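**Student:** Spelled out from the first residue to the last, the chains are:
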Amino acid sequence: LAKTTQPISMDSYEGQEVNITCSHNNIATNDYITWYQQFPSQGPRFIIQGYKTKVTNEVASLFIPADRKSSTLSLPRVSLSDTAVYYCLVGDAPEYGNKLVFGAGTILRVKS
Amino acid sequence: ETGVTQSPTHLIKTRGQQVTLRCSSQSGHNTVSWYQQALGQGPQFIFQYYREEENGRGNFPPRFSGLQFPNYSSELNVNALELDDSALYLCASSLAATTGANVLTFGAGSRLTVL
Chain R
1 LAKTTQPISM DSYEGQEVNI TCSHNNIATN DYITWYQQFP SQGPRFIIQG YKTKVTNEVA
61 SLFIPADRKS STLSLPRVSL SDTAVYYCLV GDAPEYGNKL VFGAGTILRV KS
Chain W
113 ETGVTQSPTH LIKTRGQQVT LRCSSQSGHN TVSWYQQALG QGPQFIFQYY REEENGRGNF
173 PPRFSGLQFP NYSSELNVNA LELDDSALYL CASSLAATTG ANVLTFGAGS RLTVL
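Protein sequence lines correspond, in order, to chains R and W.
Each residue of the first sequence is one higher than the last, beginning at 1 in the numbering used here.
Each residue of the second sequence is one higher than the last, beginning at 113 in the numbering used here.
Warning: the hint list may mix true and false statements.
From chain R, some residues computed to sit far from chain W (all C-beta separations above 10 Å) [stated by the list, open to error]: (1) Gln49; (2) Ser70; (3) Val78.
Per the computed footprint, the stretches of chain W lying under chain R, defined by three or more beta-carbons under 8 Å from a beta-carbon of chain R, are [unchecked claim]: (4) 154 to 164; (5) 218 to 227.
Restraint ranges, calculated between C-beta atoms of paired labels, are given here [what the hints assert, rightly or not]: (6) R:Thr83 x W:Arg134: 37 to 43 Å; (7) W:Glu166 x R:Thr29: 41 to 47 Å; (8) R:Ser81 x W:Asn171: 44 to 50 Å; (9) R:Lys54 x W:Asn171: 33 to 39 Å; (10) W:Gln129 x R:Phe39: 26 to 32 Å; (11) R:Asn57 x W:Asn191: 38 to 44 Å; (12) R:Arg77 x W:Gln130: 45 to 51 Å; (13) R:Glu58 x W:Gly140: 19 to 25 Å; (14) R:Lys54 x W:Arg127: 49 to 55 Å; (15) W:Asn189 x R:Gly15: 45 to 51 Å; (16) R:Lys111 x W:Asn189: 25 to 31 Å.
The set of hints was computed from the structure by calculation and includes no laboratory data.
Note that the structure is a prediction, hence the values are computed from the model and not measured.
Think of the CB as a built atom: it goes at the ideal place given N, C-alpha and C, for glycine as much as any other residue.
The following block holds chain R by itself, in its conformation from the complex (with noise of 0.2 Å):
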């Protein structure tokens, strides 16, 4: 299974571009990276996925080099309500057994 790495925690300040990079040196040929928000008591929610180069959605880009060895997730103009844990994953599709495995996650505050 892939390992991902992400920084413990970081501060940011609203309206801010906040940028957080995971690394996942062992990635595997299948494997996609997921990027979830998780905040206190709830359940962790999506946010975005991609494979290679370039994904962006409504709420947040990710940028995966070449080697795919890392991704940064990307949240644009953050505001006091994107104060959570921020979860980087790698897995495959359930045929090949996926057990989706989150790591420690990443700590992010925004501060007025």
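Guided by the hints, dock chain W onto chain R, whose structure is given.
**Tutor:** For chain W alone, kept in the frame of chain R given last:
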């Protein structure tokens, strides 16, 4: 479309007892995963059910068991409860993809306290 619902939301048990937690999958999903999340830690994978069979398991002892029903709902059973079993138990459903990783939809969890 309905999301993932879990019951009960909170419960208190004593050591040695047994507990059953329930999960209703999001409509259209056919895979269910269970996670244990201790305070201040990331969710730990317990097991996953696909087509009513367990097709992946984390480092949890056999006293953690589960079921997936034909309607894709699921149960997590824990026997001989220990104090360390106190945690938030999360259920996640997904639609098995032929390519790519499935995207998990989580419930709000069941908070178990073992005294």
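**Student:** Look at each hint and say if it fits the structure.
**Tutor:** Verification of the supplied hints:
1. Here Gln49 (chain R) does not stay apart from chain W, with its beta-carbon only about 6 Å from theirs, under the 10 Å limit.
2. Residue-level check passed: Ser70 (chain R) sits 17 Å from the nearest beta carbon of chain W, beyond 10 Å.
3. Non-interface status of Val78 (chain R) relative to chain W is upheld: no Cβ of that chain comes within 10 Å, the nearest being about 21 Å off.
4. Closer than 8 Å: that is the beta-carbon criterion, and the stretch 154 to 164 of chain W has 6 residues meeting it against chain R, so the requirement of 3 holds.
5. For a cut-off of 8 Å, the count of residues in the stretch 218 to 227 of chain W with a CB near a CB of chain R stands at 5, and the three-residue condition holds.
6. Taken as a hint, the range 37 to 43 Å is violated for the pair Thr83 (chain R) and Arg134 (chain W), whose Cβ atoms sit roughly 31 Å apart.
7. With their beta carbons about 25 Å apart, Glu166 (chain W) and Thr29 (chain R) fall outside the hinted range of 41 to 47 Å.
8. Between Ser81 (chain R) and Asn171 (chain W) the Cβ separation comes to about 35 Å, which falls outside the hinted range of 44 to 50 Å.
9. Evaluation of the 33 to 39 Å hint for Lys54 (chain R) and Asn171 (chain W) yields a pass: the beta carbon distance comes to about 35 Å.
10. About 30 Å separates the C-beta atoms of Gln129 (chain W) and Phe39 (chain R), a value consistent with the hinted range of 26 to 32 Å.
11. Checked against the given bound of 38 to 44 Å, the beta carbons of Asn57 (chain R) and Asn191 (chain W), roughly 42 Å apart, stay inside it.
12. Against the hinted window of 45 to 51 Å, the Cβ-Cβ separation of Arg77 (chain R) and Gln130 (chain W) comes to about 49 Å, which satisfies the hint.
13. Checked against the hint of 19 to 25 Å, the pair Glu58 (chain R) and Gly140 (chain W) passes, with Cβ atoms roughly 22 Å apart.
14. In this structure the supplied range 49 to 55 Å holds for Lys54 (chain R) paired with Arg127 (chain W), their Cβ-Cβ distance being about 51 Å.
15. In this structure the supplied range 45 to 51 Å holds for Asn189 (chain W) paired with Gly15 (chain R), their Cβ-Cβ distance being about 48 Å.
16. Between Lys111 (chain R) and Asn189 (chain W) the beta carbon distance is about 43 Å. The supplied range of 25 to 31 Å is therefore violated.
When the structure is compared with the earlier hints, violations turn up for hints 1, 6, 7, 8 and 16 and for no others.
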